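J.: If you want the building blocks of each chain, they are given just below.
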Amino acid sequence: MNSDDQPELDPECETAELRRQMVSTGISGYLEDDLPEIELESAESLLARLKSIEESDLGAVVPIDAPGRRRLVPTLLAGTAAAVVAGVLVAVQPWSTPVAQASTPPMLDYEFAEAARIADAPGVDPAEALAKLALAAERTRSGTSPSAVMHVVTEGWSIDNDFDPDPDSTITSTRTENWLYPDGRFRTRAHLGEPLTADGRGIPVGGRLDRGTTFFDEENLPAGSRDARFFVDMPTTVDGVRDALLDEIDCLDRRRGQERSFCLMDQIPYQAQMHVIPPDVMATVWRMLAEEEGIRSLGTVKDRTGRDAVALSFIWEGAPEYRSILLADPTTGQVVGYERILIKPSSSSSVKPPAIQEFFAIVTSEYQ
Amino acid sequence: MDEDEFTELYDQLHRPLFRYAMAQLRAVEAARDVVAETFRIAWEKRHAMKVEARSPSAYVMGIGKKVVLRQLQDRQRHPEQVYEDARLHSLVTPGGDVADTVVESRRGQSIFRALSPADQLLVTMMTSPHLTPDDIATTLGLTRNAYAVRVHRVRRRIDELSRSYDEAGKEVGHEQRRPA
Chain L
1 MNSDDQPELD
11 PECETAELRR
21 QMVSTGISGY
31 LEDDLPEIEL
41 ESAESLLARL
51 KSIEESDLGA
61 VVPIDAPGRR
71 RLVPTLLAGT
81 AAAVVAGVLV
91 AVQPWSTPVA
101 QASTPPMLDY
111 EFAEAARIAD
121 APGVDPAEAL
131 AKLALAAERT
141 RSGTSPSAVM
151 HVVTEGWSID
161 NDFDPDPDST
171 ITSTRTENWL
181 YPDGRFRTRA
191 HLGEPLTADG
201 RGIPVGGRLD
211 RGTTFFDEEN
221 LPAGSRDARF
231 FVDMPTTVDG
241 VRDALLDEID
251 CLDRRRGQER
261 SFCLMDQIPY
271 QAQMHVIPPD
281 VMATVWRMLA
291 EEEGIRSLGT
301 VKDRTGRDAV
311 ALSFIWEGAP
321 EYRSILLADP
331 TTGQVVGYER
341 ILIKPSSSSS
351 VKPPAIQEFF
361 AIVTSEYQ
Chain U
1 MDEDEFTELY
11 DQLHRPLFRY
21 AMAQLRAVEA
31 ARDVVAETFR
41 IAWEKRHAMK
51 VEARSPSAYV
61 MGIGKKVVLR
71 QLQDRQRHPE
81 QVYEDARLHS
91 LVTPGGDVAD
101 TVVESRRGQS
111 IFRALSPADQ
121 LLVTMMTSPH
131 LTPDDIATTL
141 GLTRNAYAVR
151 VHRVRRRIDE
161 LSRSYDEAGK
171 EVGHEQRRPA
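Protein chains in written order, with our numbering: chain L, 1 to 368; chain U, 1 to 180.
If we strip away everything but chain U, and leave its shape as in the complex, we get:
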């Protein structure tokens, strides 16, 4: 992978990756770190990428997933760091809800937050038009058919959550979420 390819990959993926990291970590600085670290690793492994990765996009998102996991593990060992992240950036409210301070779709937020983390990753990846179904399936470790079934189930889940939101007139939150 040369510099132009790396740049193109970064332009395509850094914002979906940031969104996914934000959804899991709820801290802007931590999510920024995830993006930086992910692409640092991708750059270091650029010579191996063509050999190892059927899809560079999926490979990079897979690295990002791992980096987010490490961030979560790091928090487990150093819970005081989460508070430090929250103090560093004013966009994070005391409750940790970044979306309250920016323009948002409250309905979309409620439904998205009620999805499992695995489904949130899939949905976040969908926001990037550069990621094909094959890219996303590879990142998630799924065959094409298994991926299609997974997407179908997520759609049904979003339908349920959407109906619940409309009927209840409030956020679906914890009462409606199901584990992946």
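Excised from the complex, chain L in its bound form:
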């Protein structure tokens, strides 16, 4: 999860240092020298062509000069917007269903917090919701196997990685596939997802990743990098679960209060992206949260995959500009998603609240 506790650094100094570093490591040389034989169109030629097209009113698709070159997909222009709904533009092309066009993903409507009121909706006492989630988890069978690989797939968006200031842009999620091996090896692969639908949903659930999906990033960490048995070995007592999670984040204040709640509400979704959490531990997690300060229930919601989910909300006093929402499956008691919302103006974000800063939906969580 992103921390709002950022040190003060000077942008100009950092930029200058990075530029120097790029020279000394050869990155600048690589980037600047890789194009000696590639001629790009001159500004004069491009401008002449654009003015010619404008005058003849040919529309959106620009024919490229060399014969046989592949044409670009027609782009969406601001003028093609069919409707403006709550600040979100909707367009129908080239996808078959309307997609969301905005700088940040559309807000979800919760049972006790409509999208328009997400900044100040108080929510309700979470006790009943947490008790039901704990029961649901206890009724779920465990698939634990010591030799199994944990496989978790999420699809999400974050303002740090995916933001486009153009309000006409589409919101496309990134599909992240994680494998955590028994020896602590960790592998993650990132693929391009599909644009969200106009209501902020449309993420497909479950199944294997379509191998045709565009892959664009990968990381492999060696054995011992992560503790694959973190949840498997966790005591299934409220204190045991709490202590383990607080140890993992090295929480600054372990007394019941805002800081502890912040640590726990940060760790649970973070760990759920990498681990398959055993049902008995998950049940204890919900019982543990029932004892924590500041957690509220926003009731039910249709998450970004279209599943029914229960929403638990927390606003940390240390960063009241943000609202964190943890989503859980009422049938299995498992974590299925997370949303972080900017609800007040913040010096750490350039967008206007209320605005989604980050979300992810867990679409697969299994042993392989």
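Among these hints, one or two may not hold up.
[Said to hold, decoys possible] Facing chain L, from chain U, some residues (calculated, C-beta under 7 Å):
#, residue
1, Asp11
2, Met126
3, Arg157
[Said to hold, decoys possible] Derived Cβ-Cβ restraints for the label pairs, each shown as a range:
#, chain 1, residue 1, chain 2, residue 2, range
4, L, Asp250, U, Glu3, 56 to 64 Å
5, U, Asp166, L, Leu9, 24 to 32 Å
6, L, Asp120, U, Glu3, 34 to 42 Å
7, L, Lys51, U, Arg163, 35 to 43 Å
Think of the hints as simulated: they come from the structure by calculation, not from any bench. If you're wondering where the values come from, they're calculated on a predicted model, not measured in any experiment. Ideal placement from N, C-alpha and C gives every residue a C-beta, glycine not left out.
Dock chain U against the given chain L, drawing on the hints supplied.
T.: Just chain U now, kept in the frame of chain L:
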């Protein structure tokens, strides 16, 4: 934005944009298309640019990011097109590695390729002296402080990759890359 301003913007940004598109798409023709399409949109929106954009440079690079994304989406729907791009231009090797056929810094290449796409965009934008820290921060949707922290983290990441490269004496590749 008048024609002179457009020309100046193009002269300043078309090569960094091309480099970024090349890093993501690994195909010369596709990267050329990105540049052409980006500036076509910028030209169409030139009347709105002064009102909407605090920084025309950042605005244009933001458009470029979106166009690259659409190219990637297009490939997802038409994977045969990637092969077509590769056949069209001899500078693209069968493995898709353009850098092998031109003069390069292998070390710089290895480190750059090991960065996440988001960090590659930031680093590519750094190659243009015309883009200020504020321009880059705006394109990435960051406040000044968040941008400075981001740059600081990228510097640390490059340090790690650089050390790994020197110690291993080989390309850092997939074993060292971290998601953004």
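J.: A separate judgement is required for each hint: does it hold in the structure or not?
T.: To see whether the hints hold, each was checked on the structure:
Given hint, U/Asp11 at the interface with chain L, holds; its Cβ is 6 Å from that chain's nearest Cβ, closer than 7 Å. The restraint placing U/Met126 at the interface with chain L holds, with a minimum CB-CB distance near 6 Å, inside the 7 Å limit. The beta carbon of U/Arg157 comes no nearer than 10 Å to any beta carbon in chain L, farther than 7 Å, and the hint placing it at the interface is violated. Checking the proposed 56 to 64 Å range against L/Asp250 and U/Glu3 shows it holds: the Cβ atoms sit about 58 Å from each other.
Checking the proposed 24 to 32 Å range against U/Asp166 and L/Leu9 shows it holds: the Cβ atoms sit about 26 Å from each other. Between L/Asp120 and U/Glu3 the beta carbons are some 49 Å apart, a value that contradicts the proposed interval 34 to 42 Å. Taking the beta carbon of each, L/Lys51 and U/Arg163 are about 51 Å apart, not inside 35 to 43 Å as hinted.
Checked against the numbered hints given earlier, the structure breaks hints 3, 6 and 7 and satisfies all the rest.
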